[in-house]
Amino acid sequence: MAKYLIVGNSAAAVGAVGSIRQVDKDGKIVVVSNETHSLYSRPLITYLLAGQVDKNKMSYGDPMFYRKNDVEEILGKEVVAVHPAEKKVILNNGAALPYQKLLLATGGRPIVPQVEGKDLPGVFTFTTLDDAKKVDEFIKKNEVKSAVVVGGGLIGLKTAEALIARGIKVTIVELADRILSATFDRKASEIVETALRERGCELITKNTVWKVTGRGVVKKVVLQGGVEVDCQLVIFAIGVMPNTELAKSAGIEVRKGIPVDDRMQTNIPDIYAAGDVAEAYDMLMSTKRQIAIWPNAYAQGSIAGSNMAGDAKNYDGSFAMNAVEICGVPTISIGLTDPQEAGYEVLEQYGKESMVYKKIVLKDDVIVGAIFINKIDRAGVFRALIKSKTNVGIFKADLLRDDFGFVWLPETFRKHMVVGEGTEV
Amino acid sequence: MRRMEVDRGGCSLFGMIDESGDRFSGAQAINAIAKMQDRENGLGGGFAGYGIYPEFKDCHAFHLLYDNEKAKEYTEICLDENYSIERAEPIPTRKVPAIKNPPLLWRYFLTVKETKANGADIGDFVVNTVMKINGEVDGAFVISSGKNMGIFKGVGFAGEVGKFFRLDEYEGHAWTAHGRFPTNTVGWWGGAHPFGLLDWSVVHNGEISSYGTNKRYLESFGYRCTLFTDTEVIAYLFDLLARKHGFGFDTVGRILAAPFWDEIERLPEKEREICKALRMAYGGALVNGPFAVVVGHSNGIVGINDRIKLRPLVAARKGSMLYMSSEESGIREVCQSPGKVWMPEAGEPVVGRLEGTHG
Amino acid sequence: MKKIRIREKYCMGCRLCEIYCAVQHSKSKDLVKAYRGEYPKPVPRILVEEKDYLSFAIQCRHCEDAPCIGACITGAMSRDPKSGAVLCDENKCVGCWMCIMMCPFGVIGRGKEKKVISKCDLCVGEKEPACVKNCPNEALVLEEE
Amino acid sequence: MVKSTPPFGFAIKRDDEKCIRCQACARMCSNDVHAYDAEKDIIVSDSTKCVGCHFCEAICPTSALTVERTQSQYRENFNWTAEVINDIKSQAGSGGVILTGMGCDKPYTNYWDRIVLNASQVTNPSIDPLREPMELKTFIGRKPDRIEMGSPEGPKLETEIPHQLELEAPIMFSAMSYGSISYNACFALARAASDFGTFWNTGEGGLHRDFYRYGPRTIVQVASGRFGVTREYLNTGAAIEIKIGQGAKPGIGGHLPGEKVTEPISETRMIPAGTDALSPAPHHDIYSIEDLRQLIYALKEATRYRKPVGVKIAAVHNVAPISSGIVRAGADFIVIDGMRGGTGAAPKVTRDNVGIPIEIATAVVDSRLREEGIRNQASLVVAGGFRKSSDVIKAIALGADAVYVATSALVAMGCTICQKCYTGKCNWGIATQDPYLTKRLNPEIATRRLKNLLRAWSLEIKEMMGGMGINAIESLRGNREQLRGVGLSEMELKMLGIKSVGEAW
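Protein chains in written order, with this note's numbering: chain P, 14 to 438; chain V, 918 to 1276; chain B, 11 to 155; chain R, 330 to 834.
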C-alpha cells in the first residue's frame, strides 16, 4: 500500500517527494502519471523543439532522483476515480491503489478553441513531451516553412521562439492588443514585440483564428475578418484549464481549481492538491486562486508533502510572477505590473538605447509589482520586498538606482532578511 | 693591590658543623676539601672556622692582609681611633713550599669604643669600618671581622692554604672550606674564599648572572661592592636579609632562590601571598645563575643551591654532625658512614643550627 | 554546513572579493591572465554593495530553504549533499531566470555569455572560498553554522 | 612668481602589465591619488597627493604598484637639505607652524643600537627557554623596602603590599587617546592587553563606555584637559597616570581638531561634538611639585588608595631630579617618555629638537633613584620609540621596570609611519575618525597581531635572557653588567652607567 500517492508527475510531485523524504525516509511513495515518460522537465519542451536541449537530457535534474528517493512511478495510467472513504484510487486499467495520503497534482490541459479545422494534421497544442515530439516529427516530415502560433502568452512566445530557432517563419496571433498582456504593461510588451519582430516574427494583435483550412493537412489560417495567413503548422497556446474532473467526481470541492487550505489540504482530509490545479492563497489579491507557474507548483507540492508526512507547515501564499527570456530579452515580472485603478504609484526607468526597462509599482509606499526587462539581475530583492510588504518610503528614491541592493535597505530589514543565514549586519 | 676579582667557574666547597657545639680540629675540613682537589686549580683556597677564639668571643676578630707596612700603619690608626684593641698579632703560619709571597697577615681582637658607636648598631658600625678600610686604605684588606670566628685564605690549593695557616691546630664547632678554579684572574689573596663580613662567611661555587642587579640592589641599601665578586654579593645579601631584615634561612632561601611563579600559584593562599610579596619586594635580591653556597654564621651554617640547581651540593648527617659538600667524596673523606646522604632540592636551604640558638 | 559570514562593519569596499571570485572561476585562475587575457572578462559571483561609507559583499547565502531550487525548471539547481552548498549545473541550466526572480538576496546573476546563471559555489573543492581567503580585512569569514 | 610649493615626496610606479584595472587603489586611497580613466581604461596616479603610506601597495592584488621616494632632487647640500628647503617653502606658503605626526625622525644617536648584550659561555650555563621556565612577570607599583613577618619563619605577612599592576611581560601599550586613534584601534589595544596580561592606556581621551569591561587592564590617564575624567573613570581603571608631558612634544599641549570630535568621542571626552579638544600645555592646577603631590593624593583619595598612581613626563635635561621629586611626591610609578616617542600631531620643530633620548633618561633616572634609596618606592616605566625586543631588554637592563610601546603597536596594526596622523586621513584606519576609513581596521585582526607582537617579543626576550643564564626578569632589571657600549664616548658610557665593549666584569 502506498503511504503517499501522488497523481501527476511534474513540479508539485517533485516538491512533494523532496519534502516527504525529509521527514519520512521509508514511507512508500507512488507517483501515477498519464504520460508514458518518466519524470521530465515540462518547460524544457520548447528548448527541445528549438534544439537547445538534447532529447536525452529532458529529465528533471538528477535522472536518478526517484530512484534515490525510493519512489515508484506508474506511467501511462490514468486515475479515473478517487474513493475518499475507502482511501483508494482506481486506475483506468481497473486496478485499485489504496493510499494513506493523496496528492492531486493533476495540472492543466491546453484549451483548444472550437474552430473549424482544429483537428487537421498540423494543428497542435504544446504542453507535453509528446506534443514536442509530434511537432518535431511533423516539422521534419513536412518541411514546415511557416507557422502560426495562436496566443501571445508565455507558452505561445516560447514556442514561437523555438520555431524561429528552427528557421520557421512565425506569425503570432493574439487576441489582445499586445502580447503578454496578462503580466506586462504596454512598454514591456513593446520591447519584447520589437525583439520578436527583429527576428522576423510577425505579430497580429486584436485578432484570433476563425478557421484553419487545408486539404488533409494545414494550408492556412483564416483570422477573424478574413485575413489569411499561409502556414503548414498551427500551434494553439491560448491558455490552460485545470484538470479538476477527478476531484469533482470524488466529491472534493472544486471552483475553477481545487481550493486548498494553508496546508494544501482540500476540503477532504488526507487529500491534498498542489500545482496548477490548486487554488492557493494569493497574497496580493488576498484571495485563493490559481497561479500556474513552476516555482509555485514546486513550493505548494513541497508544503503538501511536509504536511502529508506529518510535519506541519504553512503555505504563506504567493503572487503572480514570471521570469522568461524571449528572443534574447530577459524579463521578469512580479505582482501587479499594470494596475489600472487609482492609488498606485509608479516608478519607471527606460533606456531607449539599452532597452533596459525597470518599473516599480507601489501602493502606500509598499511595493506591489515590478517589471524588469533586459536588466534583471537583482529582481529577486524586489520580490522579497513585495512578499515582506516592507514599507519602502524612506528609500523609495533609491529603488531605481542601478546599484540598488541590500545596502540601501534599512538596517532592520537587512537584519530581518539575513537572520540565520550568516550575515552580520 | 688588585681589587677587581672575578671568581667564575668550577670550585669545590665544603662545610661541616657539630650542632651540639663540640669543637673539632680544622684538619677535617682540610682533608675534605683536599679530597676534591681536581675541582680547583691552585689559584685560591680558604677556610672559615667558628668557635675558634673562645678566649676572645666577645671581640670582633679582624683578619687583615697588608701589602706593606704603610698600609698596616694607616689601618691601625683607623682601628685605634674606633676600637679598643684587645690584642694585635700576626696570624700564625707555617712554611709550605707551595705557598709563595704571602702578604702581611695580622689579626686584631677589637671592642667598639662606645663613644664612637654613639648608639648606632654595632654591626653596622663594624661593617662601615670594613667598608672604609677596604675601600679607602690602599694595600689593606679586611678578610674577616666576626666574633669568635676567623677566615683564613690565600693563593694556592686549599689543602696547602689550610696547612699554611696551621688550621689543624685550631678547634671549632663549624668549618667551611673552599677550593678555587677561577677562569680569568690572577691569584690574589683577598679574592680567595671564604668571603666574610661580621660573622658571615661565604664559600661559593658558581657564577651569578644577576650580579649587576644584585650589586645595584645592595648599593641602594648602602653596601659597597668593592670586590666585584659574586661571593661578596651573596655575603651582603645574607647580611641584609638575615641580619638586617631578620629573615630565617628558609625565607632567605625563598628570596635568593625564589620559587617560580607557577610554583607560587600552587601554594596555599597564605604562603602564596608571602612568596609573592617577597618576590615583589626582593626581586633585586634574587640570585640568578648557577650557584651553590655554604654560608657560615655565628649560629650555624647554611648550604643553598640556585633555583634550578645548576651546581652540585650534597648534604649528609650523622648524629649531631651535618656535612655539605660539592661532592660526596669530600664528606666520605671525613665521615665514612654517614647516616643520611641527600641532594637538596633547588633553592632548598640545608640548615645546620648550633644547639640553643635560632637562625 | 560551513557558510560565509558577512561582517559589514569590517568591509572596506575594496572589492577584492569580486576580483578573486572572478579569477577563481576564470579559465586561467591567474589574476593578470584572467583580467588581461580572457574574453569575455571573468565575472564575479559575489557583489559588493556600497552606500556612503557602508559596504558589504554579498553572495549566495546557500539558504536552508532555498527558493531557487524549487524555482528551477530543469532541476539544474540543487543542494550538494556533501557540502550543503546550493549549486547550479551549468550543463542543465537553460537560462530561464526563475532563480534570479526568486532569490531574495539578488545574488544570482546571468553568467557566461548570459546563457546560464552564475552564482556562488562556495568554491567547492577549495579549502576556502576565494573571497574569504582573500578578504584583506576578514569581513568575510567561513564559519560552521 | 611661479608658485613655489615643495615638490612631492613620492613617485608611484605602476606596472601596467600587471594592473588589472580592478581599481582597488582608486577606491581605497583617502588622499585621492589614484583615479580610473574609463575613456582610456587606465588608472592614473597623482603622486603629488601621495603621503607614502603604502596602503595601495598593500591592497593591490597583483603587486602592480610600488611607492618610491621621488627621484626629483635638489643639488646636494649637507646644510640646505631637501627637507630644509621644502619646509621653508611650505611655511612661506602657509605662514604657520609645520605639523607632523609620530616620533622624531632625526638621526640623533640611537643608543639602543650602540649597546650590545652579554651571553653565557662555559663558566655558567645558558638556559634553554624551551626547556626551562623563563619568567617575565613584572609588577608595577610601590614596593616596600622590606617585608615584615611575625616571627623569623612566621607565616604571617605583616607588611601591606601596595596595589600593583601585574604584567605577564614588561611591555605595556602606551597612551593613545580615543580621538587620536580610532575606536577599533583602541578596542584592539584593550583586548590584546587583556588577553595577553598587560595594560593599555587611555591617553587623554577618556574611556569609551564599551571599553569599561577592559578596566582591569586599563591605565586611565589624567591629562591637562581632564577629558572624560570622572570618579567612575578613575575607579574603573587599574591604575591612574597623570600626564605632565609627552616625549614627542615636551612642553606642548594637545589639540584634537573639532572635525575629529565625533558624537562618541564627544561623549567619551565630555565635550561638545565638533569643538576642538584643547589640552593645555601645563596642568593649570600644577605649577609646582607640591601641586603635583596634591593631585596625586587627590586621585588616591578618589580611588581609596586602591590604584597605583603614576606620573608621566617627557625626558628632558633635568629628568633625573624631576623624577626624584615625583617619587617623593608620592607617585607609585613614573613614566619617562623619550624624544623618539610618537604623537598624533606636534609642531615639527618641537618634535625634532626638544627632549633627550630615552636610553640616557632611563639610565640617569634609575641611577638617581637608587642613589637616593627610593628606587623601590616607585616603578620606572620608560617609553619613546621601542622598536624591538632587544630595545626592551636593554631598557630593563638599564633599570626600567617595564616599557611602554605605542608606535610599534601601531605598526603591528598596519601603520607605516608616514607621519600624517594629524590629517585624519589614515588609510590604515588607525589615526582617523572617518567611518569609511576606521572600518578598515578589523579589531579582531589587530588584536591578534598585537598579541602576536607581544608574544614574539616575549619569546625573544626569553631567548636572550636564557642566553645570559637568567630565568627571571627581575635578575635582569638594572643589570647593567649585561650591557656594553659600542662606539660611545666615555661621557656617554658614564651617563648610561655601562662599560665599553671589551671590558670584562
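Source of the hints: derived by calculation from the structure; they are not laboratory data.
In this text, a Cβ means the ideal position worked out from N, Cα and C, and glycines have one as well.
Misleading hints may appear alongside valid ones.
Stated by the list, open to error - DSSO-like, lysine-lysine: derived pairs with alpha carbons at most 30 Å apart:
{"no.": "1", "chain 1": "P", "residue 1": "Lys-146", "chain 2": "B", "residue 2": "Lys-124"}
{"no.": "2", "chain 1": "P", "residue 1": "Lys-402", "chain 2": "B", "residue 2": "Lys-39"}
{"no.": "3", "chain 1": "R", "residue 1": "Lys-589", "chain 2": "P", "residue 2": "Lys-388"}
{"no.": "4", "chain 1": "R", "residue 1": "Lys-780", "chain 2": "R", "residue 2": "Lys-589"}
{"no.": "5", "chain 1": "B", "residue 1": "Lys-39", "chain 2": "R", "residue 2": "Lys-589"}
{"no.": "6", "chain 1": "B", "residue 1": "Lys-39", "chain 2": "P", "residue 2": "Lys-409"}
{"no.": "7", "chain 1": "P", "residue 1": "Lys-365", "chain 2": "R", "residue 2": "Lys-369"}
What the hints assert, rightly or not - Beyond 12 Å from chain R on every Cβ pair, some chain B residues (computed):
{"no.": "8", "residue": "Lys-19"}
{"no.": "9", "residue": "Arg-25"}
{"no.": "10", "residue": "Leu-41"}
{"no.": "11", "residue": "Pro-50"}
{"no.": "12", "residue": "Leu-152"}
Comparing the hints with the structure gives:
1. Simply put, P:Lys-146 and B:Lys-124 have alpha-carbon atoms about 28 Å apart, close enough for the 30 Å limit, and the pair holds.
2. Pair hint P:Lys-402 plus B:Lys-39 does not hold up; C-alpha atoms about 42 Å apart against a cutoff of 30 Å.
3. Between R:Lys-589 and P:Lys-388 the alpha-carbon distance is near 42 Å, which puts this suggested pair outside the 30 Å criterion.
4. Note on R:Lys-780 and R:Lys-589: the hinted pairing holds, with a Cα-Cα distance of about 28 Å set against a maximum of 30 Å.
5. Using a Cα cut-off of 30 Å, the hinted pair B:Lys-39 and R:Lys-589 is violated, with the two alpha carbons roughly 43 Å apart.
6. Only pairs whose Cα atoms come within 30 Å are accepted, and B:Lys-39 paired with P:Lys-409 is rejected, the gap being roughly 40 Å.
7. For the given pair, P:Lys-365 sits about 26 Å from R:Lys-369 by alpha-carbon distance, which is consistent with the 30 Å threshold.
8. Not every C-beta of chain R lies more than 12 Å from that of B:Lys-19, the closest at about 6 Å, which undercuts listing it as non-interface.
9. Look at B:Arg-25: its CB is around 6 Å from the nearest CB on chain R, not clear of 12 Å, so calling it non-interface is violated.
10. The beta carbon of B:Leu-41 is not kept farther than 12 Å from every beta carbon of chain R, the shortest such distance being approximately 5 Å.
11. The beta carbon of B:Pro-50 sits about 15 Å from the closest Cβ of chain R, which is more than 12 Å, so the claim that it is off the interface holds.
12. Residue-level check passed: B:Leu-152 sits 15 Å from the nearest beta carbon of chain R, beyond 12 Å.
Consistency note: the structure conflicts with the earlier hints numbered 2, 3, 5, 6, 8, 9 and 10.
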